[in-house]
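Visitor: Below are the chains, spelled out letter by letter.
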Amino acid sequence: MTTMPAEIAEYAVELATRLGARYADVRLERSRFEDIVVKDGAVESVKFEEESGLGIRVLAGTWGFASTNELTRSAVGDAVRAAMNMAGARGSGGRIELAEIEICEDTSRAVGKKDPFKVDLGERIELCLEADGRARAVEHIKRTSTAIACERTQKVFVSSEGARIESESVRTYAEVFALAKREGITEYADDIAGGTGGFEIVEEFDMPARAEEVGRRASALAGAKTLPRQKLPVVLDQDFVALLVHEIIGHPSEADRVLGREAAWAGKAWWAGKLGERVGSKYLNAVDDPRVEGALGYFEYDDEGTPAKRKRLIHNGVLLEHMHSRETAAAFGVKPNGGMRAKNFRYLPLIRMSNTFIEPGDFKREELFEIARGVYLKGAKIPSIDSRRYDFQISAEEAFLIERGELVGPFRDVSLVGVAPDFFESVDAVADDFEMRPIPNCGKGDPMQSLHVGNGGPHLRGKGLITGAR
Amino acid sequence: MLELARRAVKLAEKRGAEGAEAFVVESSVMTVRMASNRVVEVKRVREHGIGLRAAIGRKVGFACANELTHELVERAVSIARARPPDPAFGGFAPPARPKQVEDIYDKTLVSMPHERAASMAELMLESALDYDRRIAEASGALTFVVERCAIVNTNGLSVVDRATRVMGHLTAEARDLRRSEGASWLGATRMKALRIEEVGRRAAELAVNSLRPSKIPPGSYDIILEPPAAADLFYHMLSYAVNGLEVYDRISYLSDRMGEVVAADELSVYDWGNMPGGLCSRKVDDEGVPTQRTPLIDQGRLVGLVYDLYYAAKAGCRSTGNGLRVSDLPARCHAVEPHPHVTNLVIVPGDFEREELIEDTKRGLLLSRIWYTYPMVPQLGDFSTTSRCGFLVRDGEIAGAIEQVRIHENMPRLLKAISGVADDQQQIMPWGASASVCSPSLRFSDVRVG
Numbered sequence: 000m001t002t003m004p005a006e007i008a009e010y011a012v013e014l015a016t017r018l019g020a021r022y023a024d025v026r027l028e029r030s031r032f033e034d035i036v037v038k039d040g041a042v043e044s045v046k047f048e049e050e051s052g053l054g055i056r057v058l059a060g061t062w063g064f065a066s067t068n069e070l071t072r073s074a075v076g077d078a079v080r081a082a083m084n085m086a087g088a089r090g091s092g093g094r095i096e097l098a099e100i101e102i103c104e105d106t107s108r109a110v111g112k113k114d115p116f117k118v119d120l121g122e123r124i125e126l127c128l129e130a131d132g133r134a135r136a137v138e139h140i141k142r143t144s145t146a147i148a149c150e151r152t153q154k155v156f157v158s159s160e161g162a163r164i165e166s167e168s169v170r171t172y173a174e175v176f177a178l179a180k181r182e183g184i185t186e187y188a189d190d191i192a193g194g195t196g197g198f199e200i201v202e203e204f205d206m207p208a209r210a211e212e213v214g215r216r217a218s219a220l221a222g223a224k225t226l227p228r229q230k231l232p233v234v235l236d237q238d239f240v241a242l243l244v245h246e247i248i249g250h251p252s253e254a255d256r257v258l259g260r261e262a263a264w265a266g267k268a269w270w271a272g273k274l275g276e277r278v279g280s281k282y283l284n285a286v287d288d289p290r291v292e293g294a295l296g297y298f299e300y301d302d303e304g305t306p307a308k309r310k311r312l313i314h315n316g317v318l319l320e321h322m323h324s325r326e327t328a329a330a331f332g333v334k335p336n337g338g339m340r341a342k343n344f345r346y347l348p349l350i351r352m353s354n355t356f357i358e359p360g361d362f363k364r365e366e367l368f369e370i371a372r373g374v375y376l377k378g379a380k381i382p383s384i385d386s387r388r389y390d391f392q393i394s395a396e397e398a399f400l401i402e403r404g405e406l407v408g409p410f411r412d413v414s415l416v417g418v419a420p421d422f423f424e425s426v427d428a429v430a431d432d433f434e435m436r437p438i439p440n441c442g443k444g445d446p447m448q449s450l451h452v453g454n455g456g457p458h459l460r461g462k463g464l465i466t467g468a469r
Numbered sequence: 000m001l002e003l004a005r006r007a008v009k010l011a012e013k014r015g016a017e018g019a020e021a022f023v024v025e026s027s028v029m030t031v032r033m034a035s036n037r038v039v040e041v042k043r044v045r046e047h048g049i050g051l052r053a054a055i056g057r058k059v060g061f062a063c064a065n066e067l068t069h070e071l072v073e074r075a076v077s078i079a080r081a082r083p084p085d086p087a088f089g090g091f092a093p094p095a096r097p098k099q100v101e102d103i104y105d106k107t108l109v110s111m112p113h114e115r116a117a118s119m120a121e122l123m124l125e126s127a128l129d130y131d132r133r134i135a136e137a138s139g140a141l142t143f144v145v146e147r148c149a150i151v152n153t154n155g156l157s158v159v160d161r162a163t164r165v166m167g168h169l170t171a172e173a174r175d176l177r178r179s180e181g182a183s184w185l186g187a188t189r190m191k192a193l194r195i196e197e198v199g200r201r202a203a204e205l206a207v208n209s210l211r212p213s214k215i216p217p218g219s220y221d222i223i224l225e226p227p228a229a230a231d232l233f234y235h236m237l238s239y240a241v242n243g244l245e246v247y248d249r250i251s252y253l254s255d256r257m258g259e260v261v262a263a264d265e266l267s268v269y270d271w272g273n274m275p276g277g278l279c280s281r282k283v284d285d286e287g288v289p290t291q292r293t294p295l296i297d298q299g300r301l302v303g304l305v306y307d308l309y310y311a312a313k314a315g316c317r318s319t320g321n322g323l324r325v326s327d328l329p330a331r332c333h334a335v336e337p338h339p340h341v342t343n344l345v346i347v348p349g350d351f352e353r354e355e356l357i358e359d360t361k362r363g364l365l366l367s368r369i370w371y372t373y374p375m376v377p378q379l380g381d382f383s384t385t386s387r388c389g390f391l392v393r394d395g396e397i398a399g400a401i402e403q404v405r406i407h408e409n410m411p412r413l414l415k416a417i418s419g420v421a422d423d424q425q426q427i428m429p430w431g432a433s434a435s436v437c438s439p440s441l442r443f444s445d446v447r448v449g
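Protein chains in written order, with numbering that gives the first Met the number 0: chain G, 0 to 469; chain Z, 0 to 449.
One should not assume that every hint holds.
As the list claims (entries may be wrong) - Here are the computed lysine to aspartate or glutamate pairs in the EDC-like style, where the Cα-Cα straight-line distance is at most 20 Å:
| hint | chain 1 | residue 1 | chain 2 | residue 2 |
| --- | --- | --- | --- | --- |
| 1 | G | K117 | Z | E70 |
| 2 | Z | K313 | G | E138 |
| 3 | Z | K58 | G | D39 |
| 4 | G | K180 | G | E138 |
| 5 | G | K112 | G | E292 |
| 6 | G | K117 | Z | E73 |
| 7 | G | K141 | Z | E70 |
| 8 | G | K224 | G | D39 |
| 9 | G | K141 | Z | D85 |
| 10 | G | K363 | G | D427 |
| 11 | G | K180 | Z | D85 |
| 12 | Z | K58 | G | E129 |
| 13 | Z | K214 | G | D421 |
| 14 | Z | K58 | G | E101 |
| 15 | Z | K58 | G | D34 |
| 16 | Z | K58 | G | E43 |
| 17 | Z | K58 | G | E125 |
Calculated directly from the structure, the hints in this document are not laboratory data.
Could you put together the complete structure from these sequences and hints?
Guide: Below you can see the structure in the form of structure tokens.
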């Protein structure tokens with residue numbers, strides 16, 4: 000990719016300042032995206048996308064924001080004036096304060112080892128076809144799909160406070176899916192790799208082997224029974240923990256939710272006003288850290304130019320910190336911790352997770368299964384969470400009964416139902432087998448912004464209500 | 000735009016494409032966001048771009064960018080050259096002369112000033128805050144969309160399309176000893192159809208009526224979903240099930256059910272891509288096929304699915320004009336290939352008045368809003384959702400607000416448990432939706448709650 004015309008970003012900030020902005024920042028971006036989808040042994044889609052554009056955010060009476068994908072002085076000037084008009088459209092709502100940050104001039108680069116765009120397109124297609132074929136060869140498999148995608152983003156951030164940060168990142172994904180049907184029962188399984196890095200992510204994932212494995216899982220599930228509704232100890236694997244953390248720790252830790260500023264759509268946070276209070280057992284430690292190398296939510300600076308920071312959300316069961324923008328940090332009287340991100344230049348940044356996870360504990364994984372009876376939930380499918388992130392139901396890909404330490408199963412269509420504080424309090428063992436997972440499509444905002452984040456954790460054990468198919 | 004699309008197709012042919020299709024779009028999305036009783040953001044996304052599909056035999060390459068460049072064309076053609084063929088690719092859309100859809104474009108919305116948009120948002124807030132002194136907070140958003148597109152292909156198709164719409168929602172919070180919330184929606188394709196104050200008043204009324212909720216025991220209840228709640232359920236639990244792609248993939252619980260009775264005979268549903276005044280109406284879909292009214296469920300029987308050209312070819316049927324390029328932005332998007340998607344999902348209203356449904360319910364719940372309705376097991380139609388605003392119905396009367404409940408149910412079972420369809424149809428864009436749902440209040444018998 001060619002270098003970006005950074006002077007257009009500087010021009011936009013200068014113009015906004017000249018027009019009276021109290022504060023202005025610009026994100027100039029260029030990105031390239033390639034995606035291959037194979038389904039049932041045929042290449043369904045091969046896509047190439049390239050785009051560039053600029054988003055300008057200004058603060059006058061309120062926030063004004065405009066974006067354009069035409070990078071001429073004239074179009075950018077129009078966008079700046081539009082943003083200023085919009086910011087000035089309403090000034091009656093009280094003065095917005097921004098907490099101070101370190102003003103940085105820096106560059107960052109996270110592109111991995113092997114440039115995915117330089118891997119021959121035919122080779123990538125062949126790998127998808129090979130993996131798809133391995134899944135299709137498994138008995139009872141009726142549908143398969145595989146995909147490889149890669150994205151390179153170059154960004155220049157310039158603010159009226161003097162920040163200038165240039166960054167380049169590459170993210171690479173691989174996905175395998177299989178669906179089986181046996182005697183009227185349809186079940187599916189999937190697996191995804193994704194992170195900030197290059198084609199090594201695909202190679203380490205070993206798509207053909209993974210595809211065969213998801214085929215086997217789907218096939219076994221289609222021949223499995225479901226479980227009756229019951230309350231008992233549950234052991235959750237890293238995939239399930241990743242989604243659980245995402246939904247009931249990550250989202251309610253967003254300070255805009257905590258302050259009620261997302262009340263209309265996304266909702267609020269049940270633990271608003273509970274900083275410093277106990278929200279779970281002593282085994283519960285949760286963190287948001289943008290600097291987990293290779294994870295999907297990796298970055299060095301957020302979209303306000305705040306340096307990335309590890310946030311200790313829950314420590315030994317006590318709620319310690321939220322994710323902040325400069326504005327919410329000022330409202331809470333704390334230092335900004337780098338929580339603001341936008342999907343791309345088109346959108347105004349929001350408070351988002353980066354890599355949010357439960358920290359590893361001292362238990363060995365095997366110790367979690369040393370119980371008389373329980374359920375082991377593996378893989379996560381779909382969540383339904385209430386608007387305060389209090390009451391949750393999450394379906395697992397597979398369930399196994401734990402009977403005196405032994406696993407019996409699999410069972411299909413099982414989900415965990417609970418309320419967050421009760422479940423957190425019930426956590427009595429956290430293993431040391433930490434892993435990160437990619438969540439490529441976390442949704443928030445109005446208009447919606449689907450964003451890539453990392454979530455993870457180790458195996459953990461708690462107590463909950465599990466329910467089978469209706 | 001049309002000229003740009005024609006040039007792209009010609010360039011693709013020059014570079015060796017046997018067939019080509021260009022989709023050129025210009026859009027503007029302005030959103031005024033409200034939180035904590037004030038306007039907190041006014042933002043605008045202005046886009047233009049081109050998506051080009053080039054075909055060599057049954058091999059298709061897709062490339063998209065902001066501008067038409069030689070590199071873009073070369074990319075699309077070189078992908079087509081490099082990839083293996085797809086036997087399911089049946090070509091691009093044939094030429095068509097679609098009729099203009101009534102009431103989907105308003106010049107007033109094209110030139111909507113930011114100040115006026117912000118004033119309208121403030122009016123939404125004020126109408127909620129002035130309703131009752133117990134209304135403590137109001138928040139929401141008002142979004143104005145303008146979109147224009149041109150589609151040209153080597154079959155001789157050459158068409159332009161345009162639409163405008165306004166979508167808004169407001170959530171009001173009431174407080175006395177505890178907190179409660181109510182929400183309301185608006186959607187229109189023309190300025191004249193907007194009823195701004197009604198949105199704030201309705202949200203506030205629901206919030207006040209929801210104060211002092213009671214906890215209800217888990218069990219079986221008849222449930223009446225008001226239009227926003229019914230729209231949420233049908234968008235999240237029916238639209239994927241009638242999607243030709245999901246049916247092909249067997250993720251739909253309606254796979255292999257064509258022609259069968261899948262719902263109570265009170266239920267008829269269709270997709271109406273050229274509905275006058277429809278929030279997601281358009282003259283042609285995003286690959287140039289004229290939109291239409293497609294019956295999906297007729298008096299309880301599954302009679303149709305929505306298709307684009309590709310999945311229609313796989314299924315051996317015709318496109319229903321539902322090949323949409325859906326992205327996060329609520330406007331047509333050049334950067335996505337077409338896939339089947341519902342446009343305006345219409346549930347045919349019945350003869351009951353909403354009040355009659357209530358009067359005829361002995362032990363039930365009236366839910367005004369449900370939240371985070373997702374399929375726990377999509378191929379079975381199992382879903383889970385929570386109420387955000389609901390009331391107890393006892394012996395035909397509303398007997399007070401209820402605390403939040405969780406419903407874990409099965410959509411195929413609920414479709415057959417419909418026991419009343421009201422006449423109060425309302426057009427809603429549910430959260431995260433890329434289609435509108437026109438739904439009346441619906442009653443379901445014996446729903447498992449808690």
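Visitor: Does each hint hold? Answer for all of them.
Guide: Evaluated hints:
At most 20 Å may separate the alpha-carbon atoms for a hinted pair to count; K117/G and E70/Z meet this at roughly 17 Å. Taking the CA atoms of K313/Z and E138/G, the gap is about 23 Å. The hint is violated against a cut of 20 Å. Distance restraint check for K58/Z and D39/G: the Cα-Cα separation of roughly 16 Å lies within the 20 Å cut-off, and the hinted pair is therefore satisfied. Of the supplied pair hints, the one linking K180/G and E138/G holds, its CA atoms being roughly 10 Å apart against a limit of 20 Å.
Restraint check: the Cα-Cα separation between K112/G and E292/G comes to about 12 Å, which is no more than 20 Å; the hinted pair holds. Note on K117/G and E73/Z: the hinted pairing holds, with a Cα-Cα distance of about 17 Å set against a maximum of 20 Å. This hinted pair does not check out: K141/G and E70/Z have alpha carbons roughly 39 Å apart, beyond 20 Å. Note on K224/G and D39/G: the hinted pairing is violated, with a Cα-Cα distance of about 27 Å set against a maximum of 20 Å.
Annotation: proposed proximity of K141/G to D85/Z holds, straight-line Cα distance about 18 Å (limit 20 Å). Annotation: proposed proximity of K363/G to D427/G holds, straight-line Cα distance about 13 Å (limit 20 Å). Using a Cα cut-off of 20 Å, the hinted pair K180/G and D85/Z is violated, with the two alpha carbons roughly 24 Å apart. At roughly 19 Å between alpha-carbon atoms, K58/Z and E129/G fall within 20 Å of each other, so this suggested pair holds.
Of the supplied pair hints, the one linking K214/Z and D421/G holds, its CA atoms being roughly 18 Å apart against a limit of 20 Å. With a CA separation close to 52 Å, the supplied pair K58/Z and E101/G exceeds the 20 Å bound. The hinted pair formed by K58/Z and D34/G meets the criterion: a straight-line CA distance of about 15 Å does not exceed 20 Å. For the proposed pair K58/Z and E43/G, the alpha carbon gap of about 9 Å is at most 20 Å, so the pair holds.
For a cut-off of 20 Å, the pair hint linking K58/Z to E125/G stands: about 15 Å separates their Cα positions.
Figure legend: structure checked against the earlier numbered hints; hints not met, in rising order: 2, 7, 8, 11 and 14.
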